[in-house]
Amino acid sequence: MNEEYRYDYRTVEGYILSAIAWAVVGLVVGLLLSIQMFAPAFNFNAWTSFGRLRPVHTNILGFGLGVGAIFGLSFYITMRLAKRPLLFPRLARVQLWLFNIAILATLVTLAMGYTQTNEYAEMEWPIDIGIVVVWVMFAVNVVGTILVRREEQMYISLWYILSTVVGVAVLYIVNNLPIIAGPFKSYHLFAGVNSANVQWWYGHNVVGFVFTMPILAMFYYFLPKTTGLPIYSHRLSIIAFWSLVFGYLWTGAHHLVYTPLPDWIQTVGIVFTLFLIAPSWGSVVNGYFTIGEDWSKMRSNYLTKFFVLGITFYGLQTVQGPTQALRVVSQLIHFTDWVPGHVHMGTMGWVALTVTASIYYVVAKMYDTEIYSVKVANAHFWLVLVGQLIFSITMWITGIQQGAMWKATTAEGTLKYTFMEGLVKNYPYWHLRSLGGAIFIVGMLFFVFNVLMTIRKGRALEASPQPAVAAAA
Amino acid sequence: MAGEIYKKPIAFTVMVVLAVLAGSVVMMAYPMMRPDMHPKLEGLKPFTPLQLAGRDIYQREGCVGCHTQTVRPLKSEVMRYGDYSKAGEFYYDHPFLWGSKRTGPDLAREGGKRPDAWHREHFESPRKMVALSNMPAYPWLLAARVDPSATQAHLEALGLPFTPDQIADLGHRTELEALIAYVQQLGTAVPRIHAGVTVALDAVNPLLGDASAIARGQKIFADNCSVCHQDDLKGVPGAFPSLVEPDEFLSEKPDMADGAYFALISGGSDAKAAIGRKGDPGGGMTAFGNQLSKEEIWSVVAFIRSKQGRK
Numbered sequence: 001m002n003e004e005y006r007y008d009y010r011t012v013e014g015y016i017l018s019a020i021a022w023a024v025v026g027l028v029v030g031l032l033l034s035i036q037m038f039a040p041a042f043n044f045n046a047w048t049s050f051g052r053l054r055p056v057h058t059n060i061l062g063f064g065l066g067v068g069a070i071f072g073l074s075f076y077i078t079m080r081l082a083k084r085p086l087l088f089p090r091l092a093r094v095q096l097w098l099f100n101i102a103i104l105a106t107l108v109t110l111a112m113g114y115t116q117t118n119e120y121a122e123m124e125w126p127i128d129i130g131i132v133v134v135w136v137m138f139a140v141n142v143v144g145t146i147l148v149r150r151e152e153q154m155y156i157s158l159w160y161i162l163s164t165v166v167g168v169a170v171l172y173i174v175n176n177l178p179i180i181a182g183p184f185k186s187y188h189l190f191a192g193v194n195s196a197n198v199q200w201w202y203g204h205n206v207v208g209f210v211f212t213m214p215i216l217a218m219f220y221y222f223l224p225k226t227t228g229l230p231i232y233s234h235r236l237s238i239i240a241f242w243s244l245v246f247g248y249l250w251t252g253a254h255h256l257v258y259t260p261l262p263d264w265i266q267t268v269g270i271v272f273t274l275f276l277i278a279p280s281w282g283s284v285v286n287g288y289f290t291i292g293e294d295w296s297k298m299r300s301n302y303l304t305k306f307f308v309l310g311i312t313f314y315g316l317q318t319v320q321g322p323t324q325a326l327r328v329v330s331q332l333i334h335f336t337d338w339v340p341g342h343v344h345m346g347t348m349g350w351v352a353l354t355v356t357a358s359i360y361y362v363v364a365k366m367y368d369t370e371i372y373s374v375k376v377a378n379a380h381f382w383l384v385l386v387g388q389l390i391f392s393i394t395m396w397i398t399g400i401q402q403g404a405m406w407k408a409t410t411a412e413g414t415l416k417y418t419f420m421e422g423l424v425k426n427y428p429y430w431h432l433r434s435l436g437g438a439i440f441i442v443g444m445l446f447f448v449f450n451v452l453m454t455i456r457k458g459r460a461l462e463a464s465p466q467p468a469v470a471a472a473a
Numbered sequence: 001m002a003g004e005i006y007k008k009p010i011a012f013t014v015m016v017v018l019a020v021l022a023g024s025v026v027m028m029a030y031p032m033m034r035p036d037m038h039p040k041l042e043g044l045k046p047f048t049p050l051q052l053a054g055r056d057i058y059q060r061e062g063c064v065g066c067h068t069q070t071v072r073p074l075k076s077e078v079m080r081y082g083d084y085s086k087a088g089e090f091y092y093d094h095p096f097l098w099g100s101k102r103t104g105p106d107l108a109r110e111g112g113k114r115p116d117a118w119h120r121e122h123f124e125s126p127r128k129m130v131a132l133s134n135m136p137a138y139p140w141l142l143a144a145r146v147d148p149s150a151t152q153a154h155l156e157a158l159g160l161p162f163t164p165d166q167i168a169d170l171g172h173r174t175e176l177e178a179l180i181a182y183v184q185q186l187g188t189a190v191p192r193i194h195a196g197v198t199v200a201l202d203a204v205n206p207l208l209g210d211a212s213a214i215a216r217g218q219k220i221f222a223d224n225c226s227v228c229h230q231d232d233l234k235g236v237p238g239a240f241p242s243l244v245e246p247d248e249f250l251s252e253k254p255d256m257a258d259g260a261y262f263a264l265i266s267g268g269s270d271a272k273a274a275i276g277r278k279g280d281p282g283g284g285m286t287a288f289g290n291q292l293s294k295e296e297i298w299s300v301v302a303f304i305r306s307k308q309g310r311k
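First to last, the sequence lines map onto chains A and B. Residue 1 is where the first sequence starts when you use this note's numbering, and the numbers rise one by one after that. Residue 1 is where the second sequence starts when you use this note's numbering, and the numbers rise one by one after that.
Just so you know, these hints were derived from the structure itself, not from any lab. Check the hints yourself; a few may be wrong.
Only part of the chain A face toward chain B is listed, based on derived beta-carbon distances under 7 Å [said to hold, decoys possible]:
hint, residue
1, Asn118
2, Trp201
3, Pro262
Residues of chain B clear of chain A, computed beta-carbon distances all greater than 12 Å [to be verified]:
hint, residue
4, Ala22
5, Glu42
6, Lys75
7, Tyr84
8, Phe96
9, Ala137
10, Lys234
11, Glu295
Listed next, the in silico SDA-like pairs over lysine to any residue satisfying Cα-Cα at most 25 Å (straight line) [what the hints assert, rightly or not]:
hint, chain 1, residue 1, chain 2, residue 2
12, A, Lys416, A, Ile400
13, A, Lys416, B, Lys8
14, A, Lys407, A, Leu189
15, B, Lys40, A, Ile35
16, A, Lys425, B, Lys8
17, B, Lys128, A, Ala181
18, A, Lys83, B, Asp270
19, B, Lys8, A, Val170
20, B, Lys8, A, Ile35
21, B, Lys40, A, Lys416
22, A, Lys425, B, Asp270
23, A, Lys416, B, Ser133
Given the structure is predicted, the values throughout are model-derived calculations rather than measurements. For glycine and all other residues, C-beta sits at the position ideal for the given N, C-alpha and C.
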């Protein structure tokens with residue numbers, strides 16, 4: 001390890017290891033949930049019942065794996081692009097510990113049933129305070145380091161990191177404003193229709209600012225790094241960035257189509273959702289044209305395919321999403337299993353592929369070595385790809401079937417199917433979904449193994465005196 | 001000039017803040033200032049202490065993960081669940097509980113659809129009531145008691161009215177009772193829409209004694225009715241009335257015209273007034289008028305008649 005960066009790299013490694021640990025927890029909970037969908041006996045007790053574990057799954061993966069990886073990789077990218085170590089190295093370490101305590105508290109309290117209920121904002125108010133503190137620490141370090149950078153121009157990835165810092169702060173604080181009713185009980189400050197509107201303004205955009213902005217920061221940094229190819233168009237990345245940051249915040253109401261929310265909010269939300277295809281595909285096109293300079297990188301560098309498939313799923317996701325927002329499509333697929341299919345293409349496809357590839361790159365780079373095994377990384381790639389495809393495709397099929405059965409009427413005009421007739425048709429697809437999830441988890445375990453072995457190898461290299469010099473001689 | 005912004009982190013961040021705030025102000029903050037985001041129906045009552053305790057449990061157990069609470073203004077949804085949800089129904093909902101996934105049925109109009117006894121049995125063991133259901137059982141709610149002081153603090157935080165007697169009463173209630181009290185008030189601020197298919201009360205069953213209709217009625221009965229009235233039609237004493245030679249049916253002597261049976265199956269409990277029978281005030285016969293066709297309902301009546309030993 002480079003001496004100047006040694007301490008900060010260890011911090012980055014701490015975030016990566018934390019993210020990996022939370023990934024395993026969140027994925028296993030996810031698999032259990034998928035089994036509970038068809039085998040209710042797997043609801044063992046109150047703590048493990050579906051209703052309580054569902055937010056555990058989403059929060060541990062979104063905030064434990066997702067944000068943990070974002071912290072670590074954003075610090076790494078910021079240091080590289082600022083050409084200097086972090087401004088507050090010890091603060092980043094304190095933040096690491098506080099982050100892990102907050103996620104652990106989230107895990108325990110959600111299983112105990114302490115919840116604010118709003119999706120991705122379930123953690124009760126004391127944990128919210130901890131999360132805000134963690135985020136302020138992150139913001140101070142990232143912005144501070146950028147302010148004292150040794151490279152005048154800020155590269156694209158820093159734009160996305162800065163917008164993540166700003167966006168998540170605004171969203172998280174507003175939607176978590178509580179009416180405090182007890183030491184671990186609060187109610188949303190907003191009520192009814194207004195509560196719904198604030199929550200989905202938050203819910204949609206926190207996904208955007210956690211699963212889009214920082215992941216694009218990684219994509220724009222690590223794709224050129226691994227392939228050696230410069231980003232195709234700087235101008236396109238500027239247009240894509242600003243239209244994404246501007247357009248995103250208007251769209252949350254597409255989660256509330258056909259609800260009692262005033263119609264104009266729904267319609268404006270849908271219109272801006274359609275508009276979002278443009279900036280999203282700006283990045284997709286930029287990614288493809290970058291690789292288009294030299295497709296042989298797909299064979300010569302094992303990481304290229306992660307990024308290419310990742311941005312492909314991002315492209316599919318950002319066409320599927322706006323399509324779902326259309327009233328005529330929403331009425332068929334909203335509330336059905338189609339939606340988890342959509343979400344998991346984004347998380348298991350775009351996010352997981354991009355994040356894991358970035359981690360491979362960073363871990364090897366920090367120890368100035370190579371990945372432990374390219375073969376294991378390739379196995380990981382194919383397993384998570386197959387697992388995710390099984391998951392998403394089965395959910396799309398059964399989602400359309402569900403929606404159609406809910407709507408079907410007889411010649412006389414009465415409903416054709418009871419609710420249960422629709423539900424039981426899901427069972428075969430739910431079985432397949434668990435299979436897909438299990439394959440995905442095996443793939444992720446290959447990844448965890450590979451990362452741990454690389455770190456072990458790196459530490460051994462560090463411990464042995466000057467092996468590089470000996471080899472060179 | 002334009003390129004300079006990427007060399008000035010503070011100016012850049014300010015621009016990002018402005019970009020983020022634009023949509024947030026128009027779509028989130030501005031609507032909040034408008035009265036149409038805070039409507040309240042005249043018939044809407046605040047949660048009682050027991051109902052709020054039940055709502056807290058509904059939140060705690062994550063029911064919202066599988067059950068929506070908003071009926072969309074689509075023909076099929078209104079037929080399946082009842083009138084579409086109105087903005088003014090959710091004035092007291094901190095937060096809203098509309099949900100995003102409908103693994104189980106929507107509950108926005110669940111209040112009064114089924115008797116308390118059905119819910120008790122169902123929460124304790126869902127598959128006893130609905131054989132292929134995937135809903136978890138909630139046995140721990142049967143034993144746990146509502147915490148009166150915590151509920152009082154919650155009521156005070158939300159500014160909801162309560163009396164000392166109501167708080168004292170909470171100490172005698174199980175969590176299950178509270179949850180059922182919450183579920184039974186869902187959607188009751190809006191008058192129930194009556195079921196689609198109707199016939200004259202003195203109508204004669206055109207399918208009476210028709211063997212194929214009886215066979216069909218038996219199948220429909222098994223799918224929809226035996227959940228409560230059981231396969232032998234004898235029901236469960238104290239909860240679901242027997243349909244075969246009961247001592248009394250809906251508080252009166254058992255004989256009832258075909259048209260009255262039709263009205264009850266089609267319109268559910270709401271039809272009791274029309275057929276002039278009181279029944280148990282807590283009782284809740286589900287309305288099937290939007291799920292079953294006229295012919296199907298007559299088939300069920302024919303099947304019930306065949307079991308009653310009448311021609």
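Status of the hints after comparison with the structure:
no.: 1; hint: Asn118; in the structure: holds (5 Å)
no.: 2; hint: Trp201; in the structure: holds (4 Å)
no.: 3; hint: Pro262; in the structure: holds (6 Å)
no.: 4; hint: Ala22; in the structure: violated (6 Å)
no.: 5; hint: Glu42; in the structure: holds (15 Å)
no.: 6; hint: Lys75; in the structure: violated (8 Å)
no.: 7; hint: Tyr84; in the structure: violated (8 Å)
no.: 8; hint: Phe96; in the structure: violated (4 Å)
no.: 9; hint: Ala137; in the structure: violated (7 Å)
no.: 10; hint: Lys234; in the structure: holds (23 Å)
no.: 11; hint: Glu295; in the structure: violated (8 Å)
no.: 12; hint: Lys416/A x Ile400/A; in the structure: holds (16 Å)
no.: 13; hint: Lys416/A x Lys8/B; in the structure: violated (63 Å)
no.: 14; hint: Lys407/A x Leu189/A; in the structure: violated (36 Å)
no.: 15; hint: Lys40/B x Ile35/A; in the structure: violated (41 Å)
no.: 16; hint: Lys425/A x Lys8/B; in the structure: violated (57 Å)
no.: 17; hint: Lys128/B x Ala181/A; in the structure: violated (37 Å)
no.: 18; hint: Lys83/A x Asp270/B; in the structure: violated (74 Å)
no.: 19; hint: Lys8/B x Val170/A; in the structure: holds (22 Å)
no.: 20; hint: Lys8/B x Ile35/A; in the structure: violated (51 Å)
no.: 21; hint: Lys40/B x Lys416/A; in the structure: violated (35 Å)
no.: 22; hint: Lys425/A x Asp270/B; in the structure: violated (32 Å)
no.: 23; hint: Lys416/A x Ser133/B; in the structure: holds (19 Å)
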